[in-house]
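Enquirer: Here is what each chain is made of, one letter per residue.
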Amino acid sequence: MKMPRLSVLIMLAAIALPAAAAPTAAELAAKMREARLTPGFEARFQAVNLAPDGQRSTPIKAAVVGQFDATRRRLVLRGIAPEAIRDEIRAVEYRVDGCSRAADGNGPADPFAPLFGTRLVAWDMLAPWWDWSRQSLAGADRVAGRECVLVRSRADDRDTPPIREVLSCIDADAGISLRTQLFDSHGALVRDITVVTTMRKESGLLAARKVTVAVSDKRTEVETYSGDEHYEVPVGAFAKLEGQATTCR
Amino acid sequence: MTQLNLEQGCLPGTSGSTPIFRAEGLALHFDDGRTRALDGIDIEVDEGEFVAIVGASGCGKSTLLNLIGALDTPTTGERYFRDRPYSAMKDLADFRRQHIGFVFQSFHLIPTLGVLDNVLVPTIGAQGPAAGYRERALELLERLGLADRLRHFPATLSGGERQRAAIARALINAPDLLLADEPTGSLDSANAAQVLDLLSEVRRERGLTIIMVTHDAGVSSRADRLVPLRDGKLDQSAEVAR
Amino acid sequence: MTLFEFALHNLRQRPARSLLTAMAVALGVAAAVALTGIASGFEASWQKANDARGTDLIVTRLASTNAMPSPFRAEPLQNQLRGYPKVRDVVGLLSEMLSVDASAPPLFVFGWTHDSYLWQHLKLVAGRWPANADEPVVVIGVVTAELLHKKVGDMLEIEGRRMPVVGVFESSAAIENGAVLMTLDQAQQTTDKPGKVNVLNVKLDPAATTTDVDAIKARIRVEMPGFIAITSGELVGQNTVVRIAKAMSNATTLIASLVGILIVFNTMLMSVNERTREIGILLALGWHRRTVIQLVCGEAALLTLAGGIAGVLVGVGLTWQLEHLDLLRGKIDANFPLSFLLMMPILAMLVGVCGGLYPAMKASRLAPSHALRQE
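Protein chains in written order, with the numbering used here: chain A, 1 to 249; chain B, 1001 to 1242; chain C, 2001 to 2375.
No lab work stands behind these hints: they were computed from the structure. Certain hints may be false.
Unchecked claim - The following label-pair restraints were derived from C-beta to C-beta distances:
1. B:Arg1034 <-> C:Met2270: 29 to 37 Å
2. C:Asn2266 <-> B:Glu1142: 41 to 49 Å
3. C:Asn2250 <-> B:Arg1034: 56 to 64 Å
4. C:Ala2251 <-> B:Glu1078: 57 to 65 Å
5. A:Thr197 <-> C:Met2155: 29 to 37 Å
Said to hold, decoys possible - Covered, in the sense of this in silico footprint (three residues per stretch, anywhere, with C-beta under 8 Å from a C-beta of chain A), are these stretches of chain C:
6. 2029-2043
7. 2091-2098
Predicted model, so just to flag it, every value in this text is computed and none were measured. All C-beta atoms in this analysis are idealised placements derived from N, C-alpha and C, irrespective of residue type, glycine included.
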């Protein structure tokens, strides 16, 4: 009988369609990777360390140049002020095959080392967790009054980085993670990066203008004050990385 | 004594000309008719008469006075001022200002204004130059023995002085009808007599009609005519005394 | 005694209440005046800067939601624009907000094409101008010099580069007086934006008409997708900071008005309730109901007029103080059109009348006989 079969089909479609509408964790991860693609950008930021009692350190200023494509992401950071960090270089590269390398003015460097005496870490800025194969949805939350979807990213067992799990609260349509929590192999919270203010890129997607990076009760405030979305990365910008050993998982 | 004209069922005036005030079937009910403050009063007052409304406490004396002065609206009945019905008057405030002067038992002077300013209050917003009213106020106060109290506040005056200031205020707009509600109720006998003398003089000088509510026999004895009330009705068993 | 005198007398009987109400209104008016003056001044100052430079049109990227339009390569567009009719000159400009001293707030740093018309309106008060496009030197505005306590020969550190101050200038535009100026080449080098600008300034022939301007704008829309040509007034009007400032001042005015109405409503309602017997006396003595309304609304209007006048004075004074704060010096150039200053007390009076209207109506509807019986 055709009528009953049709009604069953309609019922099934009504149940199936809403389920199909919600993206999976893998799809959200792909969206986040895509949102970060750029042939070249330059930004200048100021970072201030905040002590638990509210004391503010002398601000540091640094410039960052980056290139993120489908297979590789790399950054070079240069200290601007104060004089102690002026022209101090840190370069870091991450490939989607899991290999990475980092260098500073003296040779190989640790991509997980804090930058310029702050709690900012170069590895975090590359967001490699979006390439991990183990992505899962973990509900929803609100950050600074904005709704976001929780995505849990777990490192593969063969991966060796100190960060084993990342919980991101993302606004996928805006292409931004409003809060990123990084955990070690024991499940302890290592860093909490929360977006305070955003700015709109020419694509319409959002980028963080001001973030706080919290490590236990200490925080660093990082604010971008200048930038160029269409930066023409000069040849040799990432020269410091050439010849450096790559660590692959 | 003048006898009531009981056959006519109302209290007439003493002359045959148009009465200054007339009421027919005047009634004021509250609580859907359960409380009858006044219940079918017919009354006439002639020009220049001094009429005292008398009766026990709560019989409706002040209610009748308020209705005459258009401070309240009756439930039924009609009021006429020189044959003009109140219900046809567009603006009762204008009517009060032009034709009625009020004197109250508790004076009702504005405590924050001096005597002169209190007397001038009824003229605020009225037509006519302010200077004219001021002159008239000063004359009245001089006449009433308050020329040296112009800037005094009511709290610094004696009872008699306050009532005289209130009388001056009542007369500032040269009314035709003076309504006085127990004007001597808050005064001692000497001041009361003084106030009554004043009212009589003013009445003679200006041809004023006075309707006064009182429960004091001494006061009512000064009236041309009494209007006795009992339980909201005319007390037809009472005698009218002069 | 007139109605006005009676109203004034009544306000004086409750001096504390009248003063507090007037002060509350004054605070609201002051906030609205200060914000509006600052927003208006900011807009005017930006406009003045462009007008002072002699720029007729500004070409920049579309949809600039940041305070400064995002940078772009100057040369291709510059050459293209120079070929348009009635275009006399096209000059690039780079603007950034950078901190140049640890003790001072961030300042505007402008990079102007050396030897361009942009420099002509400035007046040198000390030192000299950059000798050529490559000279790594700065000239500073008079307000900057005062703020940073710098003079000719001192050094400034900008984005890690130490550059000597070779001149101090004065401009008719307040924004420029609080800025640091260098050649475009030096600004591009300092901010790592080689060959880039965020604004192209177009100077037209003096004979160019509005029709010519519109034609150029239309042509740019078609031939340079992603870019827009606007007059300085339009740019300022689109500027997010200006729009936000104006929106904030409008919102403040609206909120202050609503709060003012509520405050006056409360004050006059209390006053009317306390004066029930007095109002009954007035009605019994022959006052029109409309006269009672005029009295109550008049009292409300007098209160708010006093608050409005005081608020204008406080608002202007407050803004003057803000202008002279180190943090804001050179960034605020408040503008108070006379019509606006006159309008605020009138608006305050209107607020008073609105707030006093219901209490006035309530007072006028009192039954005199009932009112006289109140204590």
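Enquirer: Verify the CB-CB distance for C:Asn2250 and B:Arg1034 against the hinted window 56 to 64 Å.
Expert: holds (58 Å)
Enquirer: Confirm or reject the claim that A:Thr197 and C:Met2155 have a C-beta distance inside 29 to 37 Å.
Expert: Given a distance of about 33 Å, which is inside 29 to 37 Å, the answer is holds.
Enquirer: The hint says 29 to 37 Å between B:Arg1034 and C:Met2270; measuring C-beta to C-beta, is that right?
Expert: holds (35 Å)
Enquirer: Evaluate the given range 57 to 65 Å for the C-beta pair formed by C:Ala2251 and B:Glu1078.
Expert: Since C:Ala2251 and B:Glu1078 have Cβ atoms about 59 Å apart, the given range 57 to 65 Å holds.
Enquirer: Under a C-beta cut-off of less than 8 Å, do 3 or more residues of the segment 2029-2043 of chain C approach chain A closely enough to confirm the stated coverage?
Expert: Violated: only 0 residues of the segment 2029-2043 of chain C have a Cβ under 8 Å from chain A.
Enquirer: For the segment 2091-2098 of chain C, do at least 3 residues have a Cβ located nearer than 8 Å to some Cβ of chain A?
Expert: holds (count 3)
Enquirer: Range hint 41 to 49 Å: satisfied by the CB atoms of C:Asn2266 and B:Glu1142?
Expert: Holds, since C:Asn2266 and B:Glu1142 (Cβ atoms, about 44 Å apart) stay within the stated range.
In summary, the structure is inconsistent with hint 6 from the numbered list given earlier, while agreeing with all the others.
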